[in-house]
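> These protein sequences, in sequence, are chains A, B and C. Taken in order, the first sequence gives residues 1 to 411; the numbers are from this note's numbering. Taken in order, the second sequence gives residues 1 to 411; the numbers are from this note's numbering. Taken in order, the third sequence gives residues 1 to 411; the numbers are from this note's numbering.
Honestly, the hints are just simulated from the structure, not real lab data. Ideal Cβ placement from N, Cα and C applies to all residues, glycine included. Treat the hints with caution; some may be incorrect.
Sample of chain B residues facing chain C (criterion: CB under 10 Å; computed from the structure) [unchecked claim]: (1) G65; (2) D239; (3) G263; (4) I306; (5) A308; (6) R375.
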Amino acid sequence: MSTDATPAEVPLLDHHCHGVTTGELDRAAFESLITESDWDAPEGTTHFDTQVGFAIRRHCAPVLGLEPFATAEEYLARRRELGGAEVSRRLLRATGISDYFIEIGHRADEILEPAEMADAGAARAFEIVRLERLAEELVIDGIRPDEFRSAYARLLDERLRRAIGVKSIAAYRIGLDFEPGRPTTDEVDVAVARWVRGADGTSPLDGDVRLDDPVIIRHLLWAAVDRACAIQFHIGYGDADVDLHRCNPLLLTEFLRQTRASGARVMLLHCYPFHREAGYLAQVFPHVYFDVGLAINYTGSRSDEIIAETLELAPFHKILFSSDAFGAAELYHLGALLFRRGLQRALDTFSERDGWPAGERSRVTELIAWRNARRAYRLDDALFAVTTGSIGADGRSIPDGRSGSLAQETS
Amino acid sequence: MSTDATPAEVPLLDHHCHGVTTGELDRAAFESLITESDWDAPEGTTHFDTQVGFAIRRHCAPVLGLEPFATAEEYLARRRELGGAEVSRRLLRATGISDYFIEIGHRADEILEPAEMADAGAARAFEIVRLERLAEELVIDGIRPDEFRSAYARLLDERLRRAIGVKSIAAYRIGLDFEPGRPTTDEVDVAVARWVRGADGTSPLDGDVRLDDPVIIRHLLWAAVDRACAIQFHIGYGDADVDLHRCNPLLLTEFLRQTRASGARVMLLHCYPFHREAGYLAQVFPHVYFDVGLAINYTGSRSDEIIAETLELAPFHKILFSSDAFGAAELYHLGALLFRRGLQRALDTFSERDGWPAGERSRVTELIAWRNARRAYRLDDALFAVTTGSIGADGRSIPDGRSGSLAQETS
Amino acid sequence: MSTDATPAEVPLLDHHCHGVTTGELDRAAFESLITESDWDAPEGTTHFDTQVGFAIRRHCAPVLGLEPFATAEEYLARRRELGGAEVSRRLLRATGISDYFIEIGHRADEILEPAEMADAGAARAFEIVRLERLAEELVIDGIRPDEFRSAYARLLDERLRRAIGVKSIAAYRIGLDFEPGRPTTDEVDVAVARWVRGADGTSPLDGDVRLDDPVIIRHLLWAAVDRACAIQFHIGYGDADVDLHRCNPLLLTEFLRQTRASGARVMLLHCYPFHREAGYLAQVFPHVYFDVGLAINYTGSRSDEIIAETLELAPFHKILFSSDAFGAAELYHLGALLFRRGLQRALDTFSERDGWPAGERSRVTELIAWRNARRAYRLDDALFAVTTGSIGADGRSIPDGRSGSLAQETS
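With the rest of the complex left out, here is chain A:
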């Protein structure tokens, strides 16, 4: 371990993000990527008049060769001038992110694949599988209800040969106040039959397969528990489709009790405004980890406080970094920049108050920046990664893998 790792310089492992887009974005398209709202800003207003909008003008504009606080118009004009690929390359490569854990399966046609992300960011990329999407794929492919459980088991096993974790959006589909226990196979079979046939007895079409049956989603979760996976849960802040009051991580308490000894690890994503609740769970449950991704880039000048609030009850070995960026390269950039700054300021404050030694600051920095995720995801046991670039999260050189290929993890 280096003895003077600082938040400004430490490599970051982004354990939860999506792909970037390299497309050319008009103003409406760009604005839609810098808000969790799925509506335009009201007439006469703009999504740029937000913490994230100001942070883009302040911190991303210079990366594109503009003055800080260039106007939104100037920024977007310059973005078009450079082109989406160049903008993404610049913004991603300035993040110091060495590893991206990328959720696949959400609007995949609009964003880069993991291998392409690795190229664009000069970093390694790993896959996270969205459980609900996996099940939906089977239905789209015409699975017979009585074959669902076995087919799902095979498909999950196959994907886990490549992916280093799974994610559930139970929060969106059924709320986190779901019945925590494992459903019986009979219950699952009945629910699958109902889902696959649809209400009118006909086969559903692609657009109709949205899985929101609690029995089936519980089956997907317990299949992941049985495989001792790293399981990410959407928690807290998200778009207008979520019932935020049903996304409090405390609602998972009984599920966490039942899975404590399973070998599975549970990663609570985002968590704002329930990050203190998440910190409590990370203290009392040995297999619980959490981050405040999304809330960091979206709170901009206020992110220091959010980050400091995560450093209360949670053990330092349970806190993770993520950007939860999707689409706009600016979100990865700000996620990393603001996280580095916020962690630095928190550590500075703790040093002023309590004289934290430089070595301990450095150690805590590395834990949160990448070591915790590496341990929790058992990355050193992984036999493969979609990888490129030459700097591993541990600061040592690693051999370049061919972009998109499966290269052995070397560190």
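With chain A's structure known, arrange chains B and C on it following the hints.
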């Protein structure tokens, strides 16, 4: 727009307050106005030993010609010496509030009418109608159940010719976890019949008309939605009659989804301690606005932090100013003073961290101080106001209206 | 009242703590005492890598003669070298705690009795009775169901001749969303019969008597209300047995309404992360008090913010100090040290912002440090205390009582 508006000098539009009292207040009466408790402080203690009590002694005492931190006894003696009318005039006129949006219908006999408020404060005054009170008035006036819906529609339309918005206290009466959808006319008729006749088949008296039927309250809300009103909701902090855990604004999520395209705008009032939740709703729903009134004057020396916490997820064009003052002129004064200070400190912090330019600080200041409310309440479309004084929220002179008269909005 | 009491020097009344252990602790035993988790830290990690762990190394190490930030190994070696009794004596006596209110009845065989605590800490000690344990004792002793109510009444009265308050762990056993009203005697008798006989009709053994029947627990609470007791409630943060989302103090709102005029006082313990909600209840209900014990020592370098957050809506005459320490002497030490520091910093901030005079800072300090608890628990009316030492909470000398004896309260 002026280019150097600062929180200290900008005119304020107080989009949610009540009337002031100009009566002579003994100690018990004054103490009851500076707490949300409806009980005396325990023996040997005083409601002055609170953040708001200290803030009154610090900031209001000098306005009355006393030293800062005069004792409670000295303060109240001086208050009596000057008289309630003079005290109110001094404290209100020092607020820099140019426009009061005044809720009528709550303990109206104890406080000034909007026109009188305009006089006392040298400002314009506008009316906000309390929906539940409107319905109760019909019942007090002996409405026949089968005439309720049509009479209510006529009464609401009539009041909306004068009022610029409505308020619901559903939080107090039924909790915010009410069924969000529009009730059928049959459901409403049945509920009204039950309410009007009372349980024993007799006509209710004035004291018995308290409306707490969820079907009827939903009818009132949807009538306001149909008229594309600005609808204020009591949220969060209030007195001991409220079940605060049923006042979380997230409980309105489905109602907000259903009303998103209606043209109605929803103003979440107070919100503490759920102001971060309110900020989320203000981001994801295009028609949602919020403030942290009441919590500002009541948290005194801690209000800086509350105000800063509102500047996280919420777009800057969705945050409003209010005092939620009732009765004591001190509460308007502190609401304005502490809001100005807290906003200034937040902006200073953002400038230190991220170099927010003066022009942007000024623009955000004006948005929150008055522009957002003006836009959201469609004040420029209003044909009338109960108005007096000569300074409009836009800083330009406006013609004096006769106090209490309906004068055309000129700016 | 002294006119210059500062948080650094004021005596503290710790209104909620448990006994200390003077046993020799190996690493596993010590680590288990500095977390609310009942599991070991994951392999490769340690419970020392937490705010409380860092605070121990920073602040307790020097009390044991080590440099600040000695390693965990050095700290534990030194602890063994000095011996558990000497370590406890040193750490407790440096707290400046003059009075311990000690809950008895939780793992009593592992920790010191109140009289021994008084000796170890050179302070006075008072007993708090755990209601659920009292009822369980009757069952262990073979009470006949039809005698339960009368026997419980006698036992409670007997214990209250010695104890100065009671505590309920309803939060753990039934959640705070219990039916608030008083159960009928018939309901209680039926529930007791069911509990005592067990499901199979046999008498329960010691290990089986865990009381989690809501009717019986409500009976215990109302018996305490009838006696106008000081009633402590576990709220918020605790170990993994708690459903934290059912420990929000707002869930007690209706119970608080019903008990408002009873003469009972309600002390909300811990409260984190619901301390703002607790502050609201302390404002609107005249008989509600609260603290943020446990969260202070466990948040270490972040405790300043937690303490400041308690100073918002709550009247200054409703806030209490507690450590909620159990077992490890370090937790009392940090509870006191961090509380003093956090209160000082909050008062300094308020003075910078609003010029709080020294006399008022001093007055607020004494209220929170000990005067509020003395008033709320009616300590001056108490005829006895388990006591030792010579410094009372009021700073005057008091006669030594014999350790373990009942000595008259003299101040």
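> Does the CB of G65 of chain B sit less than 10 Å away from some CB of chain C?
Nearest chain C Cβ about 18 Å off; hint violated.
> Take the shortest C-beta to C-beta distance between D239 of chain B and chain C; is it under 10 Å?
holds, 6 Å
> Return the status of the interface hint for A308 of chain B: holds when the least beta-carbon distance to chain C is below 10 Å, violated otherwise.
violated, 12 Å
> Identify whether the interface hint at G263 of chain B stands, where standing means a beta carbon of chain C within less than 10 Å of its own.
Hint on G263 of chain B: violated, closest Cβ of chain C at ~34 Å, above 10 Å.
> Quick one, is the I306 of chain B hint okay against chain C at 10 Å, beta carbons?
holds, 7 Å
> Grab the minimum C-beta distance from R375 of chain B to chain C and call the hint holds if it beats 10 Å, violated otherwise.
Violated, because the Cβ-Cβ distance from R375 of chain B to chain C comes to roughly 31 Å (cut-off 10 Å).
Figure legend: structure checked against the earlier numbered hints; hints not met, in rising order: 1, 3, 5, 6.
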